[in-house]
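Take the two lone chains, each set in its own frame, and fit them into one complex as the hints suggest.
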Amino acid sequence: MNKFFKTLAEKPWEESQAKIDNEHQGKTLSLSKYKLGLRTIMVVSTIIFSFFIIAYADRMLIHDWRSMPEPWLLWANTGILILSSIMFHLTKIASDRQHNDKIKKGLYFIGFLAYTFLFSQLLVWYQLLNSGYYAATNPANAFFYLFTALHGLHLIGGLYFLGRTTSKFLRNNSKVQEIQHTIELCAIYWHFLLAVWIVLFGLMLFT
Amino acid sequence: MSDEYEHKLEAKSDYVSDASSGTSASDIDKLPPAELPDQELYHSHSWWTTYVFSQDAKYIGVQYACTAIGTGILGLVLSWLMRLQIAFPGLGLLEPSAYYQFVTMHGMIMVIYLLTALFLGGFGNFLIPLMCGSRDMAFPYVNMVSYWMFLVAVLVLLSSFFVPGGPTGAGWTLYPPQAITSGTPGHNMGIILMLVSLVLFVAGFTMGGLNYIVTVLQLRTRGMTLMRLPLTVWGIFVATILALLAFPALLVGGLMMTLDGLLGTSFFMPAIVSMGEQLKYEGGSPILFQHLFWFFGHPEVYIVALPAFGIVSDLISIHARKNIFGYRMMVWAIVGIGALSFFVWAHHMYVAGMNPWFGFFFATTTLIIAVPTAIKVYNWILTLWRGNIQLSLPMLFSLGFIVTFLNGGLTGLFLGNVTVDVPLSDTYFVVAHFHMVMGIAPVLVVFGAIYHWYPLITGRMLNETLGKIHFWITFVGSYAIYFPMHYQGFIGVPRRYFEIYDSPYIETSTMGLNVFITVAALIVGAAQLLFIYNLISSARLGKKAEKNPWKANSLEWQTPEMPPAHGNWGKEMPKVYRWPYDYSVPGAKEDYIPQNVAPSAVTEAKVEKS
Chain S
1 MNKFFKTLAE
11 KPWEESQAKI
21 DNEHQGKTLS
31 LSKYKLGLRT
41 IMVVSTIIFS
51 FFIIAYADRM
61 LIHDWRSMPE
71 PWLLWANTGI
81 LILSSIMFHL
91 TKIASDRQHN
101 DKIKKGLYFI
111 GFLAYTFLFS
121 QLLVWYQLLN
131 SGYYAATNPA
141 NAFFYLFTAL
151 HGLHLIGGLY
161 FLGRTTSKFL
171 RNNSKVQEIQ
181 HTIELCAIYW
191 HFLLAVWIVL
201 FGLMLFT
Chain L
1 MSDEYEHKLE
11 AKSDYVSDAS
21 SGTSASDIDK
31 LPPAELPDQE
41 LYHSHSWWTT
51 YVFSQDAKYI
61 GVQYACTAIG
71 TGILGLVLSW
81 LMRLQIAFPG
91 LGLLEPSAYY
101 QFVTMHGMIM
111 VIYLLTALFL
121 GGFGNFLIPL
131 MCGSRDMAFP
141 YVNMVSYWMF
151 LVAVLVLLSS
161 FFVPGGPTGA
171 GWTLYPPQAI
181 TSGTPGHNMG
191 IILMLVSLVL
201 FVAGFTMGGL
211 NYIVTVLQLR
221 TRGMTLMRLP
231 LTVWGIFVAT
241 ILALLAFPAL
251 LVGGLMMTLD
261 GLLGTSFFMP
271 AIVSMGEQLK
281 YEGGSPILFQ
291 HLFWFFGHPE
301 VYIVALPAFG
311 IVSDLISIHA
321 RKNIFGYRMM
331 VWAIVGIGAL
341 SFFVWAHHMY
351 VAGMNPWFGF
361 FFATTTLIIA
371 VPTAIKVYNW
381 ILTLWRGNIQ
391 LSLPMLFSLG
401 FIVTFLNGGL
411 TGLFLGNVTV
421 DVPLSDTYFV
431 VAHFHMVMGI
441 APVLVVFGAI
451 YHWYPLITGR
461 MLNETLGKIH
471 FWITFVGSYA
481 IYFPMHYQGF
491 IGVPRRYFEI
501 YDSPYIETST
511 MGLNVFITVA
521 ALIVGAAQLL
531 FIYNLISSAR
541 LGKKAEKNPW
551 KANSLEWQTP
561 EMPPAHGNWG
571 KEMPKVYRWP
581 YDYSVPGAKE
591 DYIPQNVAPS
601 AVTEAKVEKS
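Protein chains in written order, with the working numbering: chain S, 1 to 207; chain L, 1 to 610.
Isolated chain L, as found in the complex (with noise of 0.2 Å):
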C-alpha cells in the first residue's frame, strides 16, 4: 500500500515541477516544518475490535447511521399507521392510547434517535477527521462508547413496545402531569424507559460531542485554519456546541420527572386529583418541566438544522461549479443562528400562557433569528446565479431543501407573534409547519448527503434511475402531504385529535382531505423503502466510483485510497493550501483546485484576484 502511495506521490511531484516552469516550485510551495507529531492512532488486532466495537470514526459513523436510519424505518411505519387511522377512522385501527403512543414515538424517533444521530454521530463521525485531514476522532475509546450508549437507549427506547402499558403516550414533549398520571398510555413503565433512554442517549452524546470539538480545534492538518474548513464542519461544529449546551436541559428535567414518577417526588408535579382520587403529589411546577424542555427543545431544531445548512452549502457549491457566496457570512450567519437560537425558546409555550412582555420579547428574538436565516437563502441562491448547475441527485435535493426550507421557515414567522400562534397552536398548522421546515428539509438534505458521500463510503454509486424516481415522488409528494395540512389547519382542524367523524365543526372537505394526504404519505413512505433498497442494492452491485467523482475540493475525496482506509492519510498528512471552493477559477486547467493542490500546481490559475 504504502509503495504505491509514495509512486503516485513521485508522480504527482512531477507534475508540480512541470507547470511551474521558470518559478521554483519549492519556493512557492515553501512551508516550515511540522511544530506538531503525528496522531497516534489505534490499530485493530481482531474481528471484533475490527467490525463490531470499532474505533474508527468512519466505521463507527456508519453504525451511527445505520442505527438511526433503522430507527426512522419504525418511525414512518407508526407515521402510515397514524395517517391510516385519521382517514378511515372507520376501520378502527388503532386504540386511542395506540395513536398516542405512536404520535409519541413518532416524534421522539424522527427528532433525536433519527435526524440528530445521524447529522451528528453519522456525518460528523464520517466527515470531520476526513474533512479537517486528522487521521481519526482525538478519542476514538470514547467515540466508541459513544455509539454503543446511543445503541443502548435505542434498544431500551424500543424495549418500551414491549412492557405493560406501552410506550408513552404523553407527546413527544412529555409534558407533567400527564405523563405521569394514570390515564396517560404508559404512564407507568413506557415514561421511565423513555426518560431513561433520553439520558443514556444525552450521556453518549456528550462523549461523542466531545470528540466533535476537541478534533475540529486541534487535531486539523496543517494549513487548515478555522476559515478554510467547509461550511460542513462549521455546521457540524455549531450544533454540537449548541448540543452540548442544551441537553443537560433535558437530561435535568428527564431526571427529576424520571423521580417524580419512581419516587414520588414533586418536582414538576402540582397537587392532583385524579380519577376521583388526591394524589400525594404538591406543589410542583409543571411549567419548570416546560422551560427546561424547550430550553432544549429549540436549539434542538437548529442542531438538526445547522448540519444540514452546513452540508447542503457545500453540495450547491460543487454541483454549481461555484465558490459559495459570501462564506464569511455563511459561516457568521451558523454561529448567530446558535448564540441566538438559546433566546427563543418560550415561544413553543405560548398557549401556556405568561407575562405579555415575555411573549413580546420570545416573539421578537423568534422575528430577529429570522434574519440570519435569511441571508442563508439568499447566499445558496446568488450560489446558484449564474453557476454551471449540474442536476445531479445531490443538485436536486439541495434546490429541494431550498424550497422546503423557506416554506417552512416563512410558516415559521407567522407563528412566532403570539397572536398567530394562540389560535393555530393546536391546529394541523403547527404540523405542517414543522414538518415542512424540520422534517422534510432536513431530511431533503440527509438524502442529497447520502447520495453525493455514498461512493466516498462504498466506493460504488447509487443507482441514479431509482435515485430520481425517489426524488420526485418524494419531493411532489411531501408537498401533496403537508399543503393540505396549511389549509386544514386554517379551517380549525385540531391535531392530536385520533378521529375526527364529520363533527359539525368540521369542514367536510377535512374528511376528503384526509384520505387524499394519506395516500399520499403511504406512496412517498414507499419511495423511502425504495431508497433504503437501493442503498443496499447498490453497495455491492452498483457503478464503481471513479477517484473523486463529483470533482469536489474538499480534503474527504483527496484520501489515497477510495473509500479512504484506516488512518485515512497514508504516510504523509496533508497539506492544506487553499479554502474548499476554488471551482471555476479564471485560468485553471481544471474547473476546480483540490484544497490540497501545491501554489505551483496551478500557478496559471488566478485564485487569490477574485
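Pulled out of the complex, with its shape left as it was, chain S reads as follows (with noise of 0.2 Å):
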C-alpha cells in the first residue's frame, strides 16, 4: 500500500525522477504473471461468494428461514477436501525436491479425491431431494444447493488446470521444472477452495 502511495506520488516529469524511472524494467510487482492472475481469480471469486454471503445474512432474519440439516456426508466431504489440500502440500514440496514418483501419485490421488468430492456432493443433493428438501421449500435450501454448485464449479475449473498439468508431466516426464510452478498455483487454489468450502459450511453449521 505504502509503494502503492509513493509511486502515485512520483513525478515522471522531473529529470532526477527519469534516470530512476528509465533503469524501471517494466514490472510492477514480483510475481510471474500466472500467479498474479490466480490472485485476480481468487479475489474475484471470494467478492462472489462474500455477496452471497450478504445475501444470505440478509434472508435469513425473515421468519420463514428454516435451517437444513447437515448430513454427515458433508463432514466426509470436508474431511475429503482437507486430506487433498493436505496431499496437494506434500506433492508441492515433492515437486520442490523433484521426486518424479510422488509428483505422480500425488497427482493422481488428488485428481481421485476431487472427483470423489465431487460425486459424493451430489450424492449428499440427491439424499436431501428425496428426503424432500426442495430449493424452492426453504430459502435455507436454496442457498445450500447454491453454494454446493457454485463451490464444485470452481472445483471443477480447477480440475481443469489440474488434468493440463498432469497430461503436461505424463508427456514429457521427468521434466518437472516445467510443471513446479503450475503445482504451485494449482496447491494456493485447493487451499483457497477449502478456505471457501469451510467458511460456506461453518455458516450453514452455525445459522
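Just so you know, the hints here were simulated from the structure itself, not pulled from any lab data.
Please note that a few of the clues may not be correct.
[To be verified] Simulated crosslink set (DSSO-like; lysine-lysine; CA at most 30 Å straight-line):
(1) Lys11/S / Lys551/L
(2) Lys468/L / Lys551/L
(3) Lys551/L / Lys19/S
(4) Lys575/L / Lys35/S
(5) Lys575/L / Lys27/S
(6) Lys575/L / Lys6/S
(7) Lys575/L / Lys544/L
(8) Lys571/L / Lys19/S
Structure follows, in C-alpha cells:
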C-alpha cells in the first residue's frame, strides 16, 4: 500500500525521476503473470462468495427461514477436501525436491479425491432431494444448493488445470521444472477452495 | 520485414549521434541490460486462427468493437421506435408491451453491450499492449475466449426477441418482483435469457479484465513506469478494477433471480398476489436485489466514464499540443473516483425509501465524488488554456464532451440530493440527466477516439467532411433532444409512460416538444449511419495516413509498421525515456518528443526544467 502511494507521488516529468524511471524493467510486482492472474481470480471469487454470504445473512432474518439438516456425508466431504489440501502441500514439496514418482502419485490421488468429492456432493443432493428438501421449499435449502453448486463449479475449473498439468507431466516425463510453478498455483487454489468451503459450511452449520 | 526494420534503426542511431555532438550519446542513454526475457508470442497457423479465432489483442479489440457497435445500432433503432411512439401515439406504432421491451433492451444494450464492451473490450484490447509497449496481452488464449463469450452473450440477448413472450420488459434495472411476475412482458423466457446473457457477459469480461490487469501491471516495456503511462491506460486500468469488483454483484443478483424464475425459490420474491392468485413465493427481499444491482450499477457508470476520461485527456493534450495539466492529479482523480464510486450506490434508490441517515450518507458521498470529477474538468480546460488548439475531429469531439459532461454532471449534483431527487426521479429530468452524462458524453469520446485511432487500425484517414457533418449534427442534435427533456421533467412529465395524451395534468407544450425531440432524434440517428458509412468506406477509399499522423508521443504510434504488425514491435522492444506528454517543449526541434526517443537525440530540449 505504501509502495502504491509512493508510485502515485512520482513526478515523471522531473529529470531526477527520469533517471530512476529509465532503469525500470517494466514489472510492478515481483510475481509471475500466472500468479497475479490466479490472485485476481481468487479476489473475484471471494467477492462473489461474499455477496452470497451477505444475501444469506439478509435473508436469514426473515421468519420463514428453516435451517437445513447437515448430513454426515458433508463432514466426510470436508474431510476429503482437507486431505486433498494436505496431499497438494506434500506434492508441492515433492515437486520442489524433484521426486518424480511422488509427484505422479500425488497428482493422481488429488484428482481422485476431487472426483470423489464432487460425486459425494451429488450424493448429498440426492439424499436431500429424496427427503423433500427442495430448493423452492425454503431459502435455506436454496442457498445450500447454490453454495455447493458454485463451489463444485470452482473445483471443476481447478480440475481442468490440474488435468492439463498432469498430462503435461506425463507427456514429457521427468521434466519437473516445467510444471513446478503450475503445481504451486494449483496448490494455492486448492487451499483457497478449502477455505471457501470451510467458511460456507461453517455458515450453514451455525445458522 | 526485419531487414527494413534494422535499416530504420540504423538510420535513427546515426541521427542520434549527430544531434549529440560534444557529449557522448552512449553516456546519456546508458541503460542497464534487460532483466526480463522477451514475451513469448503465439503465432497463428491457419486462416481460422488468424481471422476468426484470433489471439492477437489488436484483432480481438476490433472484433469487440465491431460486435459492440453492431449491437449499438440495434439499440439506436429501438430508441427511434420509442421516440416515434411517444411523439405520435395516434399512429398506434407500438403495443405497450413492445414499448417496455424496447426501453429495457435499449438501456441494457447501450450501457453494457455497447459502452462497456467498446471501451474495455475494444479500446482496452487494442490500446493496452500498444501503449504499454508489450507484444500482446498476458494470456492471449483467455483473451480470445473472452471475446467469444461476449459474442455468445450478445446472441443469447438477441435470441430473446424470438422466444414466445419476447424479450423482458422489466426496465434495464430488472427489479423483482415485477420482472418475473405475469403482466410484465417477457416474464418467463425473456427475463431468463437476459439474466443468462448477463452472466455470460460477466464471465467473459472477467477473463478479459484479468488480461488487462496483468498486462498493465506486469508486461510493460523497459522504462515504462506506471506514472509514465498515458491517461488512457490509467482510465481503462482503473475501470477494469472497478468492473472486476462490481460485476460479481450483478452476477450474484442475476443467478439468484434466475433461480427465483426457474425453480421458484424465494430469494427476492416476497409473498405476492398476482392476477388474484396467491403465488408460492414467500419472504424474499426485493430491496436486496436493488442493493446488489446498484452496487454493480453505480460503479458501472464509472466503468464507462473512466476510460472516457482517460482517452479524452490524451486527445486534448495531443490536439492542443500541450502537456496535460496536472498529470498526477488526473491519476489521483481517476483512482479517487474509482474508490468513491463504491460508496454512492444507494442514491439510485431514494424513491424506494430508506432510513434518512442512510440517505444522508449517500447524498454526502455523491456530492464528494463531484470533487475529483470537477478537478478533471478544470484540468482539461487548463490544458486547453493557451494551447495550440487544432480543431481536428478528435478535438471537436473532446470539446463537445467537456461541455456535455459538465452539463450532465451538474444536473447530477441536483439529483444527488434526496429532496430534489424524490420529485424529479420519475420524470424526464432523470432521463435527460443520465443520457447527457452517460450516453452522449462517453459516446462523443468514442467518436473522437475512433477518428483519432482509425489511421492506426486501418492505415487510412476517415473522411474529414463527413466527420464534420457527423460532429455538428450529433453535437447540436443531442442538445436539441435532451435540453427540452430537462424542461419536461420540471413540468412533471413522467418517464416510462408509453403514451401521453392530452392528460389534464400535462402541459400542452409537452406534445409539441415530444414531436420536436423525436424529429431531432431521427436526424441524430441518421447522422450515426453516416458515420458507420464513413467507417466502412474509408477502410478502402480513405486517404492514406502518414506514420503518426497526429504527431503523438505515446508508444502506439511508434511501432515500426503502421498499422502495427503481429507482435507490435518488430525485433526489438521499445525503450521508454519520458512520459507521453512532451509537447511543445522549449528548445526542441519538433513540437513533440515521442516516449521512446533517447535523451541524447534531444539534448537541446529543456524537457525536465519545467
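Each hint tested on the structure:
Using a Cα cut-off of 30 Å, the hinted pair Lys11/S and Lys551/L holds, with the two alpha carbons roughly 24 Å apart. Taking the CA atoms of Lys468/L and Lys551/L, the gap is near 21 Å; set against the 30 Å cutoff, the hint holds. Of the pairs offered as hints, the one joining Lys551/L and Lys19/S holds, with about 25 Å between alpha carbons and a cut-off of 30 Å not exceeded. As the CA atoms of Lys575/L and Lys35/S are separated by approximately 26 Å, the hinted pair is consistent with the 30 Å bound.
Among the hinted pairs, Lys575/L with Lys27/S is consistent with the structure: their alpha-carbon atoms are about 14 Å apart, no more than 30 Å. Between Lys575/L and Lys6/S, the direct Cα distance comes to roughly 23 Å. Compliance with the 30 Å bound is thereby established for this hinted pair. This hinted pair checks out: Lys575/L and Lys544/L have alpha carbons roughly 28 Å apart, not beyond 30 Å. Annotation: proposed proximity of Lys571/L to Lys19/S holds, straight-line Cα distance about 25 Å (limit 30 Å).
Consistency note: the structure conflicts with none of the earlier hints.
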